[in-house]
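**Student:** These are the residues of each chain, in order.
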Amino acid sequence: MGRYLKLYLWFWTQRLKVLLEYPASTLVGVAAQVLSPAMGVLTIWVVVRQVPDLRGWSYDEVLLIYGLLTFSLGLSFIFGQNIWFLGQNYIRTGGLDHLLVRPINPLFQLVVEYYGYGGMDAALVGAVVTVKAILALGILWSPLKVLALLLSILSGSAIFMAFFLIPSVSGFWIMDSAISVTSVFYLTHQFAKYPLNIYPRAVLMMLTWLLPYAFASYYPASYLLGKEAGGLVWAGPFVAAALLFLGYRFWLFGLRHYTSTGS
Amino acid sequence: MNEVIARPRTEVSFSRSLRRNVSAYSAIASISLKEAFAYTSRVWVPFVIQFISIVVFIYFWRAVYASSGSTLGGLSLRQTLNYVILAQILVQLWEAGYIGLFGYLLRQGQMGLELVRPIDFQFQFYTRQLALLLYFILQRALLIPVLWLFFGLQLPSNPWVWVAFGISVLLGHAVVFFFEWCIACLAFYTTEVGGLYQTRTAVARFLSGSLVPLALMPTWLQAVTGVFPFAQAVSVPISLLIGITPLTEAPRVWLIQLLWVVGLGVLSRLIFRVAIRKVTVQGG
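Going down the list, the protein sequences come from chains F and W.
Using this note's numbering, read the first sequence as starting at 3 and increasing by one per residue.
Using this note's numbering, read the second sequence as starting at 36 and increasing by one per residue.
Treat the hints as calculated values from the structure; they're not laboratory data.
The beta-carbon is built from N, C-alpha and C at its ideal position, and this holds for glycine as well.
Honestly, I wouldn't trust all of these hints.
Said to hold, decoys possible - Computed list of chain W residues with no C-beta within reach of chain F, every gap over 10 Å:
| # | residue |
| --- | --- |
| 1 | 59 |
| 2 | 69 |
| 3 | 71 |
Unchecked claim - What follows is a list of derived Cβ distance ranges for each label pair:
| # | chain 1 | residue 1 | chain 2 | residue 2 | range |
| --- | --- | --- | --- | --- | --- |
| 4 | W | 190 | F | 143 | 37 to 47 Å |
| 5 | F | 212 | W | 147 | 23 to 33 Å |
| 6 | F | 176 | W | 135 | 49 to 59 Å |
| 7 | F | 248 | W | 153 | 54 to 64 Å |
| 8 | F | 15 | W | 79 | 40 to 50 Å |
The shape of chain W in the complex, shown without the other chains:
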């Protein structure tokens, strides 16, 4: 694959190749975005579904706090509700994975075609996932005022908190991306990916802290969540946004997330390099 990219560089000047790369990747991003918006039912249905689960959670937690007193695990009802509402939205970062697409490309024998394209295979996927993140933000943005109106969702007014949160979400998104890549490479060995995907999703839902705030978990379970990358994309950014983690801690939080990104990034490239030798292009 690397040879394919390297060859034209000898003839094309750096600025031209840069321009070509930018236009190639932005084309991928815009196609992914159009694809996501193509079916109207796929836009409004997740919205309704998300709203239902959030309402269920809100009343569940209100009932929990009704009998527990004012705080639970150091969190007030207001904090827990803010947390849970945002966590239900952000956990979608884990749900919109591409393991299924990987398996599809393999089974359909299209993986070969993808690999010979003169752009970096992994970066092509990353661009696609970034576009989906944008889609996801646009699609869910409407939930925020609705939840603010009906359930008193509170958001910080300090713009720096939002900046810190934004950076943390981007880093968390990259953590998800590289972790997903490592898992998706297993498809080269198994071809069938349905089970892998479901396992990953179910585990992520709990260990990311999207169902229960980490602070309310028993200490041993909190320790387990620290070993896995799941919380980096859900619990960590939300804790920054709603003030469980103070703003002064933000650089430390980013550094930890960055270490996850770099670690998983290197690992994912290594795994891919080994796994690619297993590729059998079906029907070829």
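So that you can see chain F by itself, here it is in the shape it has in the complex:
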């Protein structure tokens, strides 16, 4: 465990060196990407402020949901973006061989080989929006609420990463096309950008039990605001752990079917 932590830091430093080699390009990249999640905030700002509430959620409460989700999403990209490219850059090209011959867990290597600095934009926008909403809402804090907030951010990004991994493993069979499957799994998160009670109940069910992105936004926000659905917030870490376990088993299964390239 300690060895992996040390390795993680080492990989991180190397990646940082790569990024700082072209500081201007990196900065422009980050700055440009901030715009994309910011447009979502702008939409809420323009529309939701014009109406009293969104099915019982005020402007700042909607922002809290959006902010929490965007922050988790940003973290998952910073730490797990490379998983997306398993099929395209590792399996199809046979690059996975490199990871398999080294005496380190190959999944760990896949994750650390690239840090998606592009995720910083979403993390930044998410953090700013969340803090703004929390300040405006005057939430009464308790140790339990702080714990719930931290756990939901951790489990939220873990859930995102599990859904980077599970569809990406399909790349062992379908190569490049895995990225399309991943993007469908990933983009379903869009439902969770807004309070889930605006959709039919089936969507709430889907985002709780099938693709549980609700644990990254709707449930923690409900808990922090003392709303009815709040109790489920404590299930988040268990859901995340179960998904990561499932993802890892699936990865091992996929790995057994890896046939490399060439003759």
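On the provided structure of chain F, position chain W as indicated by the hints.
**Tutor:** Chain W in isolation, oriented as in the chain F frame:
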């Protein structure tokens, strides 16, 4: 580049050169179309993704109207839903850009090869983008009946409205093309185009009116959208189709779009002529 085109004209008769040009450009168009359809996952995945975002938007707007009363910014819920559904589809005109391809050609050193071909470089790209527009229409056409069935999307029955809309989309497509060209020329100076592309896409998504109908924006923001060309390809044609802009206004709308096309068209040729001097063919 112009010299290359001019040379063979002295020997080849006009009709033959015309025939050669038509066959060259239609070959480009058909190759682009085949390329787009080559990967099945690239055909169905955008379809699914698009459907998800549209459903999210539909429920978002229903919730907004549930607490606002019958109209918002002069639009009824039905009008806003029709608008937002179509805007989500049409905004793809902005997303399927070629800035990335420009950057790729430069980095790979292929730009030199493209420039010596005996056809107009810009028109070659335009043909390609037109083919992609056709691909895009074929691919998204299936969304329309699905959305009509499940979410009551309403479309006009008057054929003249469709004609007006079609002309407006073609003009809007040309606006996008020439604007994109101006931005893409910056690649000659920066080589790296990822940041440019993302900035353009994010700004276009909002200022084109694809997320929020322009009528619902504060007046200062509406003024900002008027300064940029983005709305010409999304908000403007859709407003014609769903009746926010009456059919009698169509000629005025086309004229404004045409002015954008001509203005940006001239600008794009000028920028290209200056920027081309910067071209350094890598690896050559």
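**Student:** Compare the structure with each hint and give your call.
**Tutor:** Do the hints match the structure? See the list:
1. 59: holds (31 Å)
2. 69: holds (18 Å)
3. 71: Since the minimum Cβ distance to chain F is about 14 Å, residue 71/W lies beyond 10 Å and the statement holds.
4. 190/W x 143/F: 37 to 47 Å: Distance hint for residue 190/W, residue 143/F is violated at roughly 52 Å.
5. 212/F x 147/W: 23 to 33 Å: violated (52 Å)
6. 176/F x 135/W: 49 to 59 Å: violated (24 Å)
7. 248/F x 153/W: 54 to 64 Å: Once the Cβ atoms are compared, 58 Å apart, the range 54 to 64 Å for residue 153/W and residue 248/F holds.
8. 15/F x 79/W: 40 to 50 Å: Between residue 15/F and residue 79/W, where Cβ atoms are some 41 Å apart, the hint holds.
In summary, the structure is inconsistent with hints 4, 5 and 6 from the numbered list given earlier, while agreeing with the others.
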